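Participant: In case you want the letters, here they are:
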Amino acid sequence: MRRINVALAGNPNAGKTSVFNALTGSSQHVGNYPGVTVDTVVGSKVHRDCEITFIDLPGSYSLTAHSDDEREARRILLHNPPDLIINVVDATNLERNLYLTVQLMELGYPLVIALNMSDEAEAAGRMPDTEVLGEILGAEVVPTVGHRGKGARELLDRVVESCDAEAHPRRVRFGRDIDPLLDSMARNISEAGEELYPPRYAAAKLLEGDPEVVAHLEGSLPPEEMEALRATAEAGRKHLEDIFGDPPEVVLAELRHGIASGAAKESTPEHTHRSTPPDTTHRIDNVMLNRIFGLPLFALAMYLTFWLTFTVGSPLAGLLESLFGLLAELIQGWLPPGLIRSLLVDGIIGGVGGVLVFVPNIALLFLAISIMEDTGYMARVAFLMDRFMHKIGLHGQSFIPMIIGFGCTVPGVMATRVLSNRRDRLVTILVLPLMSCSAKLPVYLLVAGAFFPGQRALVLWLVYLGGILLAITLAKLLRVSVLRGANSPFVMELPPYRLPTLKGILQHVWFRARHYVAKAGTIILAFSIVLWFLSSYPKPEQHQVNGLLDSGRLEVVEEDGEVSALRLEDATDVRGTIDRGQLAAARKAEEMEHSLAGRLGHGLEPAMRPLGFDWRISTALVGALGAKEIFVSQMGILFSLGSSEASVSRLQSILTDRYTARTGISILIFVLVMAPCIATFAIVRRETGSWAIAAGQFVGLTVLAYLLSLAYYQISGLLA
Amino acid sequence: MEVGVLSESLEDYLETIYNLLQEKGEARVSEIAERRDVSMASVCQALQRLNKEELITYGAREMPALTPKGNRLAQKIASRHRFVRKFLSEILGVQGEAAERDACLLEHHLSRETLSHLVAFTQFAESARAGGETVQNAFRRCEQSGYVTAPDRPHGKRRRRYKGQHEGPVLSELEPGDSARVVHLHAGCAVRQRLVDMGILPGVELALVRKAPLGDPVEVRVRGFSLSLRREEARAIEVERL
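Residue numbers (our numbering), protein chains in the order written: chain A, 683 to 1402; chain B, 6 to 247.
Quick caveat, the hints were computed from the structure, so don't treat them as lab data.
Predicted model, so just to flag it, every value in this text is computed and none were measured.
All residues carry an ideal CB built from backbone N, CA and C; glycine is no exception.
Be a bit skeptical, because a hint or two may be false.
Reference excerpt, derived from the structure (chain A facing chain B, CB under 7 Å, subset only) [as the list claims (entries may be wrong)]:
1. Ser744
2. Thr746
3. Glu813
4. Glu817
5. Ile818
6. Glu894
7. Arg973
8. Phe1065
9. Val1173
10. Tyr1179
11. Arg1180
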């Protein structure tokens, strides 16, 4: 069977991914938002005895390599030359899309044009004549409707035929002043032994002074030849600047646009050339981007998103939680108490289950985001918020991930994929944990309720606000230090509004929710086991309570033949009673103190003392590394209260007895800033592709938390 | 190395780097590109060649720095530039930017001989007396009284543009609903390439559709699609109203 390698190239938002899905029958996520494909995706299909492999390139407007996406697309095209390129072209926006087509033609690989969204173009009376267009470009043109799979078969036919015929596109001509120069340079390049880059393309890029291509040629050509070429290029640059008054990169771009616009004009019906009537999109934007209503409408959209995620999602999450509870009970019924049962119930169900419980919230959050993306509203959000975000050194597109971060940091980090500039994306990811996620709320509620029962709302508001201000400061600092660099331009397309399809949206939600479960799940499982081990081992050989029982200072009271209480005589000879639950809780507290986590807490105490934390708080904070809400249950265990919900108010009264409000505030600061949870760590590592960044964030935020709490506790101590 | 051995443009690059180092303590590629009004790619190429000549040290991911040899040459180039400018402005009385601009052009084309004669003439004009006043002042007085007519600012075939020296309105000055044609792009390289890729080129018609509720960015309709631009990017697009 023959193998054909095909690359899919096209503008962002031209429907490349939907054509890819139609061709391969897979279900990659499709969005109406520039830059949805961040990883390159590969799929394959057998057609007419050929095994065709498709690679879906990141969307790009040009092959000049200015954003990460474009650089990646170009790198793949040049370094793994495909047998054929399918150029997906948005038929409703022909002229702009053909600019990339011209550049693909310059590469000289066989080319087939998928004229996508042909139904919309047809409806608007702007459908180009495919024959004329094909004649001008020297490539087969196939009308397609990606999301309905229309035209996929014909496209596959043309791919095989064009590949057999080695149908190279028409040569791109730049006119008498430039062509002879390019031809002679191309000849020199191929004679000098360049094997990878198409010579004429390399010549054009050399003339434009493209640094990456120059660097490549320097590596692959002999130095003397390269020097001669460079001299020719420099002379050519000067010559062209004298003739045209602009450097070659601008001149060539102008000529390419000229070719694109000529091809668009000749192939489309006469009457559509000039008129750009105020279309539906324009009318919708008159409302959505209105000077007065624009921001309130956006606030409403955000409110609905949160309502959907939390008000609708939480009962579902509760349902899931009770299912896991049921599962835990079943296992407790089947298995005898011991190592395996404890690992399954406390470690795995407690840890992984605790994360899976959030799946309904996350799926609904993604539902809302998908709707915004697929309709085209997301680009408008960036448009609305850019002024503000730009002030703090970020990008308009950073806003949505930040908002999502208040729900859960994990999907927030995933949502940063829309940022095309890597620096912007990193800054956003690094400060995201400061947007207090919903798992931090139980901690805030516990501490604020204990020390500031009257002003709970005010304290919460201050903590959230503090996080936001700290995030802004940190973003600014990062932007002028480690991640310094020019602001990325905000030259962004506002795509036309489209009615999303139900299938598309569901695919989208499924695709992302699956990622959350599968990718984060594996690491969470591992860390849950580690944390379980830390807080369970080693077991004390002898419980103190058992010792008390043996020595007779604690005695069992029986009523009607049933054990209902135990009687305790403490050192000062006061007798007390505790019931069975309390006995179990006392044992658990002892086990926790004896475990590695407890010892770690004890070991950390000297370092944590200046922050106002004793070993109990330190131990609970170690647990909170897994997930923030664990802090509450661990404090409960350490004070022998068990981990049930009902004990929160008793825990609060113990906290008020034992600690000062200063310690309370110190806890709030520490939990707000400290390392994000394990799931976040896993997803940051995945999304940035770097252990160093994930670990740096983890350690950096913890150190910052330590310093801020220390500063607060010490200064407030001096003032008091 | 002597002045005049390097090519004209490399001398200019060296001088720009020297000036940036004097003013700011560092010479970023982007700033060099901005001052010279060329693309970053050209700057990188030039820097590599200066590096080869051992006039600067320049490697990937670091900012260019002058070697002792480069520093000496740059000082010579800079002092020659200062002299030519001084000659134009103080002796001949050429005003403002024209003196700076023409000094940039002239300095490369003066042979050492002409230069030394000019130096001598300057000393003469400043010190020698003609009818009780310095030659310099006599010339200035004559010029003002109309005996000698100072010519109009000469226009070259190519108009050189400097940053901040806009001649027409810019896109950010338009109001929603206005249409205009692009005349020139003043943007730095990265933004300019992006604009060019999106089809914003001299000669293209565009319309300002709206401003965002916070006043920034703006929505522009061009070639049948909508684009959002920050005002600072729109400021770099010189237009003529339609």
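Participant: Are Thr746 (chain A) and chain B close enough, Cβ to Cβ, to be under 7 Å, as the hint says?
Facilitator: holds (6 Å)
Participant: When the nearest CB of chain B is found for Glu813 (chain A), is that gap smaller than 7 Å?
Facilitator: violated (22 Å)
Participant: Does Ile818 (chain A) hold up as a contact with chain B if the rule is Cβ-Cβ below 7 Å?
Facilitator: violated (18 Å)
Participant: A closest beta-carbon separation below 7 Å is what the hint needs, so does Arg1180 (chain A) meet it against chain B?
Facilitator: This interface hint is violated because 14 Å lies over the 7 Å limit.
Participant: Quick check on the hint: Glu894 (chain A) CB to chain B CB, less than 7 Å?
Facilitator: violated (9 Å)
Participant: Against chain B, with CB atoms and a cut of 7 Å, does the hint on Tyr1179 (chain A) hold up?
Facilitator: Constraint on Tyr1179 (chain A) not satisfied, violated at 11 Å.
Participant: Can we keep the Arg973 (chain A) interface hint, with Cβ of chain B closer than 7 Å?
Facilitator: Holds: closest Cβ of chain B sits about 5 Å from Arg973 (chain A), inside 7 Å.
Participant: Does Ser744 (chain A) pass the interface hint, meaning its C-beta sits closer than 7 Å to a C-beta of chain B?
Facilitator: Cβ of Ser744 (chain A) sits 4 Å from chain B, so the hint holds.
Participant: Should the interface hint for Val1173 (chain A) be scored as holding, given a Cβ-Cβ cut-off of 7 Å against chain B?
Facilitator: Holds - the Cβ of Val1173 (chain A) comes within 7 Å of chain B, reaching about 5 Å at its closest.
Participant: At a threshold of 7 Å, is the proposed contact between Phe1065 (chain A) and chain B supported by beta-carbon distances?
Facilitator: holds (5 Å)
Participant: Let's test the interface hint: is any C-beta of chain B closer than 7 Å to that of Glu817 (chain A)?
Facilitator: With a minimum Cβ separation of about 23 Å from chain B (threshold 7 Å), the hint on Glu817 (chain A) is violated.
Hint check: violations occur at hints 3, 4, 5, 6, 10, 11; the rest are consistent with the structure.
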